[in-house]
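The task is simple: from the sequences and hints, build the whole structure.
2 protein chains.
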Amino acid sequence: MAVDLLGGDHAPAVVVDGALHAFQDDPSLHLLLVGPHDAADAMVAAIDPAQRGRVTHGAAITQDQPDDGVRAAVRAVAHGEADAVVSAGNTAAIVVSAARALGRWPGVRRPPLAAVLPTVAGRLVLLDVGSAVDPDEHFLLMHARLGAAYAAVVHEVARPRVGLLTIGIERGKGDRLRRAAPPLFEAADLPAGARYVGLVEGNDVVTGAAADVVVTDGFTGNILLKGLETAYAQLGPPGAPLNDGPAGVPRAALLLGVGGTVVVCHGAASSSDLAAGIALAANLHRRAAMVAMVDHVVNEEHSPHNEVSHDG
Amino acid sequence: MAVDLLGGDHAPAVVVDGALHAFQDDPSLHLLLVGPHDAADAMVAAIDPAQRGRVTHGAAITQDQPDDGVRAAVRAVAHGEADAVVSAGNTAAIVVSAARALGRWPGVRRPPLAAVLPTVAGRLVLLDVGSAVDPDEHFLLMHARLGAAYAAVVHEVARPRVGLLTIGIERGKGDRLRRAAPPLFEAADLPAGARYVGLVEGNDVVTGAAADVVVTDGFTGNILLKGLETAYAQLGPPGAPLNDGPAGVPRAALLLGVGGTVVVCHGAASSSDLAAGIALAANLHRRAAMVAMVDHVVNEEHSPHNEVSHDG
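Going down the list, the protein sequences come from chains W and G.
Position 10 of the first sequence, counting from 1, maps to 10 under my numbering, and the rest follow consecutively.
Position 3 of the second sequence, counting from 1, maps to 3 under my numbering, and the rest follow consecutively.
Mixed in with the good hints, there may be bad ones.
Claimed, not checked - Keeping only pairs whose Cα atoms sit at most 25 angstroms apart, straight-line, the calculated SDA-like set for lysine to any residue is: (1) W:K173 with G:R109; (2) G:K173 with W:D175; (3) W:K173 with G:P49; (4) G:K173 with G:E137; (5) W:K173 with G:R104; (6) W:K173 with W:E156.
It should be emphasised that the hints constitute simulated quantities derived from the structure, not laboratory data.
Next up, the structure:
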């Protein structure tokens, strides 16, 4: 697992702390630390000497070039030196370097970030939460395909219900993008047996009653995610406990549609958020989740509208 | 107070019920019922005969033309037959008919809807929550001016802090609209002593720590509002009690920048939401809040960029 020590507002201290927690919680986790020597050394010094073989110091990145850390961590996955990458760094830098170094799945132009939210009805996949901030309706449809695969593979939902987030369920409401997208969604053949269930609203992201996957642009999704996560942090999450360990649903997003496991934490992530993000990445890798998802999205592909990426 | 009996998903039953509650809670409230005869008759029948003088049946609207109810209720205010209007009807119909019949304040092109959210730090004004779904940056600046006046007049905030909602506080993040707006905000002379405090994120709408007024487009604002309101309904509102009566902060929005008091409830509003909306409208009218706001926004106007409305 490549960990970007310089990613985030409180790096490297918070990242080192989070990585230490994840490392101690998971005896089979190996970490590749990407970042300054002193931060990596501090982490190694805090570890039982008998366990130090599980930690490697990768590329030495200096504090004034934090985006280099993102790129080096992603390259480590591309070169087979790590199985996955976790970063709380600049979202655009992560998305762009992951798309370049790991390749995009066929038809994926801008890989979306998928977050998971607890709801009364169970887990809900919300995407995009910050990658494509000015998408068109074709981007949104690919988000729907990728989100459906996520819910099927990771949450084991048999026939995921996919909704399009808007501000009123009557046809014709919403902004230009949300007025353009529904015909495309209605005509689409979604993977993993997923069904498009129509327009959903902000309240549906809290209740989970209408959909398992909620599709939106990265601007709206990011704002809603940060609002709800903060509300849940203050008030407790909705619904029954999700049996997901003490941390509950991790506050970390998965980059979908790239050739590797890339987990992105908020810039303001705490050390426990970082630890949960590392545990999420390890779990997804061990379950071969990305392989199963690409199988749904690419191999079940019937739509003639999808383009093929040439730089994957 | 003109009440649109046909507005909302569960009209007229829920509206009649909410109006009854508001009427019984406020002995000086007079209601002008706009809607079908049978619904108005049902409401009158439920009232103590000694109090029936406080209820008038206005325009008789039939169930198949609900937007006619919105227009008739707004016209009643324009014609001086009512002091304010409350509707849970179609937002676009309310905004357009209010702008036409009551006029817009100088410089207001699309009147925004302002909602109030409870936060740990007190009340927060969020606007727009559903009127202008594809605004440009000049609309957003007017939203900021109107929201500042709201916070100053209604929440009695001395120098309201105004933030622009986006997805990262570094300059250059956000979508096209949020990249275009900051220079305009920084150069603006806001009313009521308000200060532009810069970019804020979804979490700031929950904590209230960064701003008293949060400005966004009507699409994002509506989705965030419905998400947070639903979370708070399930989990309890954040922060200390706001001493706002048993209902807390009303789940109703005020239309700003028009020549009258227009309160809009969600289409899915409950009877207690409707009652809270009616009480809010009555309170704002008695405090002459719109007059005080127009005084801040129009009479303190120094900006040469504002246009004058010609159909007000």
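Taking the hints in turn, this is what the structure says about them:
no.	hint	verdict
1	W:K173 with G:R109	holds (20 angstroms)
2	G:K173 with W:D175	holds (21 angstroms)
3	W:K173 with G:P49	violated (43 angstroms)
4	G:K173 with G:E137	holds (15 angstroms)
5	W:K173 with G:R104	holds (23 angstroms)
6	W:K173 with W:E156	violated (32 angstroms)
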